[in-house]
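Each of the two chains sits in its own frame; use the hints to bring them together as a complex.
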Amino acid sequence: MSLQQIMFTLFAAMIMVFSILTITSRRILRAATFLLFVLISTAGLYFWLNYEFLAGVQIALYAGGIVVIIIFSILLTHHINHKFEKPGLGNLIAGIGVGVLGAAISISTLLTYNFSAKPTTPMVNDVKAIGNQLVSTGHNGYALPFEVISILLLAALIGAIIVAKKQDTVSETESK
Amino acid sequence: MAFSIYDFSSFTQSIHQLLSGVMSPAWVLVSELVLVGLVFLMFYALLGLALVYLERRVCAFIQNRLGPNRVGPQGIFQTIADLIKLLFKEIFIIKNADKFLFNLAPFIVIIASMMAIGALPFAKGLHAMDFNIGVFYILAVTSLGVVGILLAGWSSNSKYSLLGAMRSGAQIISYELSVGLSMLAIIIFSGSMQLSVIVESQANGWWIFKGHIPAFISFVIFLIAATAETNRGPFDLAEAESELTAGFHTEYSGIRFAFFFLAEYMNMFLAAALATTLFLGGWMPLHFGVDTQFNHIMDFVPPVVWFFGKTFFVIYIIMLFKWTFPRLRIDQLLTLEWKYLLPINLFNIVLIAFLVMMGWHF
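Respectively, the protein sequence lines represent chains A and B.
So the first sequence is numbered by the working numbering: it starts at 1 and just counts up by one.
So the second sequence is numbered by the working numbering: it starts at 1001 and just counts up by one.
Take these hints with a grain of salt, some might be off.
Said to hold, decoys possible - With a straight-line Cα cutoff of 30 Å, these simulated DSBU-like cross-link-like pairs (lysine-lysine) come out:
{"hint": "1", "chain 1": "B", "residue 1": "K1322", "chain 2": "B", "residue 2": "K1095"}
{"hint": "2", "chain 1": "B", "residue 1": "K1159", "chain 2": "A", "residue 2": "K86"}
{"hint": "3", "chain 1": "B", "residue 1": "K1089", "chain 2": "B", "residue 2": "K1210"}
{"hint": "4", "chain 1": "B", "residue 1": "K1210", "chain 2": "A", "residue 2": "K83"}
{"hint": "5", "chain 1": "B", "residue 1": "K1322", "chain 2": "B", "residue 2": "K1339"}
{"hint": "6", "chain 1": "B", "residue 1": "K1339", "chain 2": "A", "residue 2": "K165"}
{"hint": "7", "chain 1": "B", "residue 1": "K1159", "chain 2": "A", "residue 2": "K83"}
{"hint": "8", "chain 1": "B", "residue 1": "K1322", "chain 2": "B", "residue 2": "K1085"}
{"hint": "9", "chain 1": "B", "residue 1": "K1089", "chain 2": "B", "residue 2": "K1322"}
{"hint": "10", "chain 1": "B", "residue 1": "K1095", "chain 2": "A", "residue 2": "K83"}
{"hint": "11", "chain 1": "B", "residue 1": "K1099", "chain 2": "A", "residue 2": "K86"}
{"hint": "12", "chain 1": "B", "residue 1": "K1095", "chain 2": "A", "residue 2": "K86"}
{"hint": "13", "chain 1": "B", "residue 1": "K1085", "chain 2": "A", "residue 2": "K128"}
Since the hints were derived computationally from the structure, they do not count as laboratory data.
Just chain B, with the same shape it has in the complex (with noise of 0.2 Å):
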């Protein structure tokens, strides 16, 4: 952007250079992944308490209540408490369960969702992995969740956990399909899957506005199928809990389920990331026009609070999603994948297609 004082590149070479000065090389290496790892996991921890106590705050608006007010002010403190009450809670032993698989499925969920979370540019220079293959390092990563969801699912040795675990398998495989070719789109339009020159790519407009209509398309279908593929409502048949209880986590308990719940959180807030990211213009400042005055103010704006701000959005609109539709039946879930959104998405691929050849759009 024109304003350099908001380059971190220059922040991280300061530390790169304070490093250097006192280890080898080697070390350096280390020492700074060892930060970056813990900067992530700070970040996940807080994030993952922020969205928590965002979502029963938007639950509240919704039904008319309002919501944790007690503890701290607005009640901000209470998904804390709730966090220490999950961590001294007792972690049940199943009997008949798989032990060793019950165990590792919670951390490969997990890990899945904190390896995506990496390669995500939160302002320029602020990037953990710049990869050549960043939307495809992504939706690889991702679909890595879905295995420690069937994998709970079938170890904890329980009917409600299966069915929970087979639904949400079936579901997230088919939707990552739209995921994939709504995501697509934009990698025709930009002409690189590297998401810092998808980022640089909306210098000069955000990629919803500068689509025209096909871009918003994919946008809508991406919103849709990303919430499918978060597992969550309208699309939370997996834990439905009038039939399955809780779905694959139901008979988890203590920091495990807690595992589940973060997971779950954060990778709605990597589906909100990528839609920015993507669509609306990542870091980039909201501008209008060329050279204009609203734009030299628009400029003034960190763009760390623009990547928050358009993010915190898009997470709102996935929230509303959730407290005013009600749950899709199986089939119907499966007949929007394959019979509505996947057409549409493939005649929308050619369309932009279509349109980039032409030199159609901005």
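This is chain A alone, in the form it adopts within the complex (with noise of 0.2 Å):
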């Protein structure tokens, strides 16, 4: 086995260790934990595909930004001592169920599909090119799919904002 395959084998093992032991944590945190195992391994994976910007990316939101705010709320809610109650049979079969399945369905997709390999040129992949692609309109030019999420983002701030005052004056109101 060559070291790329060695690095493969080796991600997609942690990956799929973690990814086990995050849903079978009865500990709301340990879960947290292994979730954020699974994240930096699939960051490890970009980094060995040398896409640097995607592993860059999946880090600072995935890791660094989505697992803080669970953990944060994890934090605020949870006492140590608590433990998730064990799944009924029902559930736990159904679950495993489901699981095997779409596994099924997608590794028979995998191994049927005729994967052909092309002598391309190698794409540039730096920041300069994607921060351009990202801003302009014409070939590949994702201007419009960014301003679209920009509005989305914009209207769930303003959402958050509102629902936060809400609250606020309608306590206000009570005091009085």
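In structure tokens:
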């Protein structure tokens, strides 16, 4: 096995093991930590593919952002002795069944699809190219999706502020 | 630079060729990784000791004391003695703690700082990983450290630890924004996120001089925000001794406490090294004007000396912060970030973009 294959196997094994641990752990903060490891291993896979920008985004956004927010909310709401109850037998069988079915479909699709290696020029994936494409309107330009997403984000931000504000005024009128 | 004797790439190339002569390419890669890892571990440990010693001397200097001065000349072996003491201390296992997370947390903190330090350019060719996304990579991996702090606080099962961790988390998440935006200023100036390119772009002058006042504003904001992100005074409410014992690492002892301690100092070094790389020219020597006698003399000083000289200068400033300013309250801390630093920063970025667009910088 070449070094590349060893690295891939390592990352893939880490992703699989920690994914299973994430869903089987009955302590919620441990589950969040295992999820963190899954996300970091995925970032490692992107680094392995030399796709550094996506790896950076994966670490900054998922590992450093979303997992931190999940942990924050756990810290605020859960006590250390809290454990999840064991799932019922019906739920367990249904969950495993759905998982096995999904895996079977994905694996059978992967095995039957005829992957063909084509000689193409390597894509330029440095940050400059990504930045230029993100705000250009021409071929392969992503200006429109970028703006649409920014409107969605703005709406979410305003919504969050309004939700937070409303509670404030209610409590004020109650105190009066 | 003008002097190729200070170029480390020929040195690293010769090691590479030496190794290639005796083993297969895969083993060359593995052994090079091991070598670089060993060098960084040594560097990490020695620098940690040096920084602790420096901190105690600076603190003593400001408080009109002598500081450590008995063990060895000028007390330089004091921190080594302290380290040996820490290594021999008992590691307490807390009964009601979540043991797995409790043991894991210090490693997350220290790995995060270690990963970031690997991407720093110390001199020409002396660069472990030169990522295309250098600045962004450092920002991303340092944000992992907060996970370790939060886990440490929660899994200790102690109210002081939990409060300290919550404060620390809120602080790091808010100030990360300012750190990122102030670094963005230099990314706009130099047009690249790659740290080696950013350093090269300062060959004819450091960005703090070339970028006029906006660059200086960014530098000051970076210093403030980076100090806050490393949980150092005057922003050390996460471990405010008078209120929270020692914050998130209250329950830790022995080598695990040393890990938190070391990671804090290395994060300070990282902040100073980043300030050096982005604003103060990295390993580039100080130049005035073009082709003067002074510049030629400055060229003779090795880049490593320049890098560490500037870095320790910034570290000294950060230490002065800690020992001169009183600690902020949590509301003052968040007000400073969200009401002052962030708006100034955003306006500054627009100003810099305008400057660069008009080509008004040097």
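Taking the hints in turn, this is what the structure says about them:
1. B/K1322 - B/K1095: Cα-Cα ~35 Å, so violated.
2. B/K1159 - A/K86: Holds, at about 29 Å.
3. B/K1089 - B/K1210: violated (51 Å)
4. B/K1210 - A/K83: violated (58 Å)
5. B/K1322 - B/K1339: holds (22 Å)
6. B/K1339 - A/K165: With a Cα-Cα distance of about 18 Å, the restraint between B/K1339 and A/K165 holds, given a limit of 30 Å.
7. B/K1159 - A/K83: holds (20 Å)
8. B/K1322 - B/K1085: Between B/K1322 and B/K1085 the Cα gap is close to 26 Å, so the pair holds against 30 Å.
9. B/K1089 - B/K1322: This hinted pair holds, its Cα atoms lying about 28 Å apart.
10. B/K1095 - A/K83: holds (17 Å)
11. B/K1099 - A/K86: holds (21 Å)
12. B/K1095 - A/K86: Within the cut-off at roughly 24 Å; holds.
13. B/K1085 - A/K128: With Cα atoms ~50 Å apart, B/K1085 and A/K128 exceed 30 Å; violated.
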